[in-house]
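Same order as they appear, the protein sequences are chains F and P. The opening position of the first sequence corresponds to residue 1 in our numbering, with each subsequent residue numbered one higher. The opening position of the second sequence corresponds to residue 297 in our numbering, with each subsequent residue numbered one higher.
Wrong hints could be hidden among the right ones.
Residues from chain P shown here face chain F by an in silico Cβ test under 8 Å; the list is partial [stated by the list, open to error]:
| id | residue |
| --- | --- |
| 1 | Val302 |
| 2 | Leu307 |
| 3 | Arg383 |
| 4 | Gly399 |
| 5 | Pro400 |
| 6 | Val402 |
| 7 | Ala411 |
| 8 | Trp425 |
| 9 | Ala435 |
| 10 | Val503 |
| 11 | Leu545 |
| 12 | Val547 |
Computed footprint of chain P on chain F, listed as stretches where at least three residues anywhere in the stretch have a Cβ under 8 Å from a Cβ of chain P [to be verified]:
| id | stretch |
| --- | --- |
| 13 | 30-38 |
| 14 | 136-149 |
Hints listed in this document are in silico derivations from the structure and should not be mistaken for laboratory results. Only a predicted model underlies this, so the values are computations on that prediction, with no experimental measurement involved. Using N, Cα and C, we set each Cβ at its ideal position, and we do this for glycine too.
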Amino acid sequence: MKRGHAARTAFRLAAAPLVWLLVLFAAPFAVVLKISFAEPVVGQPPYTRLIEIGSAGWRLLATGANYVLLATDALYVEAYLNSLRVAATATLVCLLIGYPMAYAIARAPERWRNPLLMLVVLPFWTSFLIRVYAWIGILSTNGILNNALIALGIIDDPLPMMNTNFAVYIGIVYSYLPFMVLPLYATLVRMDLTLLEAAADLGCRPWQAFRKVTLPLSWPGIAAGSLLVFIPSTGEFVIPDLLGGPDSLMIGKVLWTEFFGNRDWPVASALATVLLVVLVGPMLVLQAVERRQEQG
Amino acid sequence: MRRSRVPLAALAFGYAFLYTPIILLIVYSFNASRLVTVWAGFSPRWYGELAHNAQILDAAWLSLRVAAVSATLATLIGTLAALAIARSTRFPGRSVLLGLLAGPLVMPEVMLGLALLLLFVTLETTFGWPRRGAGTIVAAHATFSIAYVAVVVRAKLADMDRSLEEAAADLGAPPLAVFLRITMPLVAPALGAGWLLSFTLSLDDLVVASFVSGPGATTLPMVVYSSVRLGVSPQINALATILILTVALCVGTAAWLIGRRNQTVLH
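Construct the complete structure from the given sequences, taking the supplied hints into account.
What follows is the structure in structure tokens.
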């Protein structure tokens with residue numbers, strides 16, 4: 001009977017969060033789906049109703065035109081593909097920088113681990129917008145980096161770095177690096193180090209031991225970290241907008257422009273719906289990985 | 297066993313990469329020149345000009361209020377969610393709740409912002425409520441912060457020694473007394489950390505606030521963004537420096553408090 005009592009208490013505790021999140025997180029996406037089948041009009045609100053009820057009965061006004069537009073207009077297709085490409089590349093770079101960092105922190109003397117981890121997390125606490133902004137001053141044509149390189153005599157003319165895909169990569173890697181390091185650290189620090197000793201005793205060289213023992217054991221961390229970087233950066237708006245150029249087309253920016261620039265709410269809704277469909281797979285994988293880690 | 301130098305080099309590179317831009321930003325906020333990237337001597341003039349910029353000060357004040365209210369809401373609701381999940385592995389709605397809590401952590405901001413705005417507009421055209429402004433920003437920020445608070449508090453509850461609660465209950469303490477005198481003091485650091493995290497997330501948010509805001513409600517990131525779009529500005533550097541140092545001070549203090557607390561518990 002005790003378990004039934006705990007479940008009842010838990011349900012009562014959960015009531016308020018459940019209602020809040022159903023109304024303000026689940027319901028909004030239902031509204032997005034609905035409006036993605038509407039047509040834009042000039043007015044308030046700037047979209048048509050899906051069903052018109054008149055004297056002659058009701059008429060269905062819903063249209064799939066927005067989705068046809070997304071599938072046929074090369075701009076949107078290219079924006080989705082480019083977003084996935086940029087996010088995947090940035091995730092890989094994050095992993096290449098973040099893995100050795102997490103490894104070094106996890107193998108540092110125990111009293112050093114928390115301060116070292118703190119130094120990775122601290123930038124995450126300072127404003128995201130300002131951290132992206134900091135790179136404008138560094139990367140622009142007459143910026144700090146170009147000035148320094150010219151002063152050192154390494155280059156004669158400033159390199160075009162601002163408003164390029166390169167700047168977008170820098171921005172994403174810079175902003176999302178802590179999300180990669182934290183889960184990697186969590187798996188690496190829990191690893192049983194006697195396994196490495198066993199491998200060494202059996203004649204494994206350090207590099208072999210890393211490849212055959214450490215790397216396979218850190219898969220959950222690699223998966224979680226990569227997805228935590230990949231999913232939000234696919235829909236990133238601030239970084240491509242402030243650091244990117246005309247060729248760094250990303251879906252978050254296209255959505256923003258459709259909404260704020262063109263005031264086309266239905267197309268913006270269709271863009272968000274398709275993006276959700278694209279990202280729901282990675283999101284489910286992330287949840288599965290995290291649940292497995294919790295139990296394991 | 298010889299240890300590889302690769303991780304240490306990566307660590308040094310990583311910290312340099314993370315901190316160089318922030319340090320440069322702080323240094324150049326004291327630059328006398330209006331040309332942000334050309335050094336022309338030390339001067340605090342941009343801090344003086346910032347202190348007279350009414351637009352930035354108003355926006356900062358609004359942002360602080362929105363952040364405080366939304367963080368408080370998120371801490372209340374997120375803690376309830378964490379307690380429910382920790383208390384029982386089987387109650388109706390548990391998996392729905394877990395799914396709803398996982399979403400906001402990774403959902404791209406443009407999607408969350410658009411979705412919440414469309415909900416608010418639908419409600420407004422149907423019921424004439426809510427009017428978009430500071431209130432809708434608070435609701436939106438609380439929504440994504442709940443998930444972060446729940447993560448922090450759940451981690452603390454998982455570490456917690458449940459036998460203390462059981463002992464108190466066995467000694468005849470009523471459930472509410474157990475909660476107030478045992479559970480709450482033990483999870484209090486996590487509540488503080490969750491509140492601070494929510495506060496920072498709210499203070500920092502540009503995208504969601506831009507969607508759900510109404511006329512007259514302009515938060516600090518919105519002002520910063522419209523100014524940054526026009527290029528680098530020395531006043532923004534000064535503002536950024538103030539924000540960075542404030543956050544560093546708060547986080548440092550919080551970490552020190554939690555560290556000291558853990559030590560006193562251990563000894």
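The hints, checked one at a time:
The interface hint given for valine 302/P holds, since its Cβ lies 6 Å from the closest Cβ of chain F, which is under the 8 Å cut-off. For leucine 307/P, the suggested interface contact is upheld, since its CB lies about 4 Å from the closest CB of chain F, less than 8 Å. Because the beta carbon of arginine 383/P sits about 4 Å from the nearest beta carbon in chain F, less than 8 Å, this interface hint is met. Residue-level restraint check for glycine 399/P holds (minimum Cβ-Cβ distance to chain F is 6 Å; threshold 8 Å).
Taking 8 Å as the C-beta cut-off, the interface hint given for proline 400/P holds, the closest approach to chain F being about 6 Å. Against a cut-off of 8 Å between C-beta atoms, the interface hint on valine 402/P holds, since the closest Cβ of chain F lies about 4 Å away. Here the hint on alanine 411/P is kept, as its CB sits about 3 Å from the closest CB of chain F, short of 8 Å. Hint status for tryptophan 425/P relative to chain F: violated, with the closest Cβ pair at about 13 Å, above 8 Å.
The criterion of a C-beta within 8 Å of any C-beta in chain F is met by alanine 435/P, whose closest approach is roughly 6 Å, and the hint holds. Because the closest C-beta pair between valine 503/P and chain F is about 6 Å apart, less than 8 Å, the hint holds. Because the beta carbon of leucine 545/P sits about 11 Å from the nearest beta carbon in chain F, more than 8 Å, this interface hint is broken. A hinted interface residue such as valine 547/P counts as satisfied when its beta carbon comes closer than 8 Å to some beta carbon of chain F; here the least separation is about 5 Å, so the hint holds.
Counting residues of the stretch 30-38 of chain F whose C-beta sits closer than 8 Å to any C-beta of chain P gives 3, which meets the bar of three, so the coverage hint holds. Counting residues of the stretch 136-149 of chain F whose beta-carbon sits less than 8 Å from any beta-carbon of chain P gives 8, enough to reach three: the coverage restraint holds.
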